[in-house]
Amino acid sequence: MSTTALDTSVRPEDRFISAFEVNHGEALNGTNASISKQRTDAIERFAELGIPTNNLEAWKYTDISSVIDRPYTLPLAPERPSLDTDDIAPFLIDDLDAHRVVLINGRVDEVLSDIGDLPDGVVVSSLAQAGSTHPDVVEEHYGKYADFEDEALTALNTAFVQDGAFVYVPSGTVVEKPIFFLHLTATEQDLLLQPRHLFVAEDGAIARIVEAQHSLSDAQTFTNTVSESFVGEKANLEHYLIQDQGPSASQVHTRAAQQKDDSVYTTISATFTGEVVRNNVTIEADGSFCESNFYGLVVGKDDMHVDNHTFMGHVQPDCSSNELYKHVLNDESTGVFNGKVFVSRGSQRIDAYQQNDTLVLTKDAEIYTKPELEIYADDVVCSHGATTGQIDEESLFYLRSRGLSKRRARILMLQAFAQEVIDEIQLDSLEEHVAERVRTRFSSYFA
Amino acid sequence: MALLEIKNLHVGVEDEDIKILNGVDLTLDTGDLHAIMGPNGSGKSTLAAVLAGREEYEVLDGEILYDGEDLLELEPEERAEAGVFLAFQYPVELPGVSMTNFLKEAVNSVREARGQDELGSADFLQYMRERADMMGLNADLTKRSVNEGFSGGEKKRNEIFQLAMLEPKLAILDETDSGLDIDALKNVADGVNKLRSEDRGFLIITHYQRILDYIVPDHVHVMLDGKIVRTGDKDLALELEEHGYDWVREEAAAAA
Ligand SMILES: Nc1ncnc2c1ncn2[C@@H]1O[C@H](COP(=O)(O)OP(=O)(O)O)[C@@H](O)[C@H]1O
Ligand SMILES: [Mg+2]
Chain A
1 MSTTALDTSV
11 RPEDRFISAF
21 EVNHGEALNG
31 TNASISKQRT
41 DAIERFAELG
51 IPTNNLEAWK
61 YTDISSVIDR
71 PYTLPLAPER
81 PSLDTDDIAP
91 FLIDDLDAHR
101 VVLINGRVDE
111 VLSDIGDLPD
121 GVVVSSLAQA
131 GSTHPDVVEE
141 HYGKYADFED
151 EALTALNTAF
161 VQDGAFVYVP
171 SGTVVEKPIF
181 FLHLTATEQD
191 LLLQPRHLFV
201 AEDGAIARIV
211 EAQHSLSDAQ
221 TFTNTVSESF
231 VGEKANLEHY
241 LIQDQGPSAS
251 QVHTRAAQQK
261 DDSVYTTISA
271 TFTGEVVRNN
281 VTIEADGSFC
291 ESNFYGLVVG
301 KDDMHVDNHT
311 FMGHVQPDCS
321 SNELYKHVLN
331 DESTGVFNGK
341 VFVSRGSQRI
351 DAYQQNDTLV
361 LTKDAEIYTK
371 PELEIYADDV
381 VCSHGATTGQ
391 IDEESLFYLR
401 SRGLSKRRAR
411 ILMLQAFAQE
421 VIDEIQLDSL
431 EEHVAERVRT
441 RFSSYFA
Chain B
1001 MALLEIKNLH
1011 VGVEDEDIKI
1021 LNGVDLTLDT
1031 GDLHAIMGPN
1041 GSGKSTLAAV
1051 LAGREEYEVL
1061 DGEILYDGED
1071 LLELEPEERA
1081 EAGVFLAFQY
1091 PVELPGVSMT
1101 NFLKEAVNSV
1111 REARGQDELG
1121 SADFLQYMRE
1131 RADMMGLNAD
1141 LTKRSVNEGF
1151 SGGEKKRNEI
1161 FQLAMLEPKL
1171 AILDETDSGL
1181 DIDALKNVAD
1191 GVNKLRSEDR
1201 GFLIITHYQR
1211 ILDYIVPDHV
1221 HVMLDGKIVR
1231 TGDKDLALEL
1241 EEHGYDWVRE
1251 EAAAAA
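Order-wise, the sequence lines are chains A and B. 1 is the number of the first residue of the first sequence in my numbering; add one for each residue after it. 1001 is the number of the first residue of the second sequence in my numbering; add one for each residue after it.
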């Protein structure tokens, strides 16, 4: 396997810069021109920006530099750990009849994938492959939505990009079955991975993408994902993410989408495990009558740290956006939520809603929450709210007075709290899967 | 032996130095229906809450025997298992808690405590339908979250429906009649009458006499300032309706 061990004797930024210089030629192998031409700009921008520290407002509560500053190995060429279907079975979703793609350490694994028959013109493949089979689509969309100008980690990903997932749904095409990406890390070494995904739903297309992240190893990993989505006119894209990589995995997950007129984009994440998880979710509604939905559920335990950082950009009139993030924080876990809504001058008749609710189950669990509104139009309805509290005593008493034990009453209240996000999952099998995961987790509480 | 015996009960609110109940005495036999009437703020709901095991109240003195056992020793869920049921004055909305799941868990925990078999899903659903039917509850409500978006009347009917589901030995109804329209009032009264039986006692708390036109009590008590100041039969309720509470208040003051 071709790898580079990062040189920990120098400052972390320089490790990446020298790794880039040493491996420049190799990293470029087999990739598409539009991907490669952004690399040099990206590494330069990364060098200027540096790894974010707590001094930056956007990273005030999440210390990502100490997670990145570890002796990881950078894999450069595909490696195929010997895994078979038994290894992935525990991570499949019951009754999810889907076009399945398995990615191991950020690379599509042809053997474990089971894409099946796709509608005419629909492409589900690796990004590396799409670079040669669909260079025009990649050219049009790659690097257009996840801006690296102000995001060091997006710059870093762009500099080192090798592979990831690719979906293309041509105009007017409906993909009935969900497209399921199972992202697995399987490694003995502490790895730093940088997958890059591109999802394109052209005008009038309808698709659902489910991504689930799991790990087969206890090694420390840091995954710096960048995913870009394009949702054309009158298209509808539902985009799910299950984050469950275990306690030794950290990640920054950047999910950037652009929407055109009359389209609907929905992103839903459910975070169950991870050491430090930072999600940067950005939607730009670059068309009128767009509907944009963000939902998130964070089920924190031990010393998990989960930061959802969202940006809703309204740059056209007559759009609506909905945002609901819920945290259930146990033990010493920490939740961070920052939701920014931007409405440009002239983007009238915007209806933007944002809500963030947290249940804090112990005195050591913490939540930091901050809405940010930047509104330059006058005819706008923008509401936001945040609640933080414990399980409602009145409700607990009601349940107990009907014979439920204190423990069962509390668990039921936690489930009910999470249910509001779970209800937004439109795929029944996935909804049940998440509900079951939540039930199992809560059943271990208050013992 | 009486089903419920309340002796010299004094209740306050912890660390607020508030006293609410000032020596309540009441004995209720199985099969009997008692009504407690009294003006707002006299302590009726506090008494009901203490019977159900609400922790924010502190018993300062006195005792409560239920089936001859110390009721105050039991957790709220243990009281429910032992057959105590409180229909809340203000039923709580529980968004995300489905009526069906909640009631199934409640019914089965009470059944288990009584040594009965758990009801499986199919049997439970059938039982729930029967009871909803018997209580005149719109079965659609059982498909929703507990009390969420229910009208005032629907919430009260839902309390009586739960009473019918859990089949308690002691049913305490805290102003279940308040705020109901005439149809709902009759419906609730009808439900209670259907559930009256030789092996069940009722304690019905009400502000007004009107529900007692439909539910005929064996005994009527008047509570004032945290004490039962007068006890009589159903005619006492009519007297109160006619003369108001001032009359009892004056008498109680004169007697003191
Ligand atoms: N938790 C509490 N904390 C402080 N005061 C209370 C509390 N519960 C009841 N009270 C007070 O006790 C009195 C009796 O209340 P309550 O039992 O609700 O009366 P009723 O049901 O007869 O209207 C009222 O003055 C009320 O304000
Ligand atoms: Mg009251």
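The reader is advised that the hints may include incorrect statements.
Cross-link-like lysine-lysine pairs, in silico, DSSO-like; alpha carbons within 30 angstroms at most [as the list claims (entries may be wrong)]:
{"#": "1", "chain 1": "B", "residue 1": "K1169", "chain 2": "A", "residue 2": "K406"}
{"#": "2", "chain 1": "B", "residue 1": "K1169", "chain 2": "B", "residue 2": "K1186"}
{"#": "3", "chain 1": "A", "residue 1": "K406", "chain 2": "B", "residue 2": "K1007"}
Rather than coming from a laboratory, the hints here were simulated on the basis of the structure.
Each hint tested on the structure:
1. B:K1169 with A:K406: holds, 22 angstroms
2. B:K1169 with B:K1186: holds, 23 angstroms
3. A:K406 with B:K1007: Status holds; Cα separation ~28 angstroms.
The structure agrees with every numbered hint stated previously.
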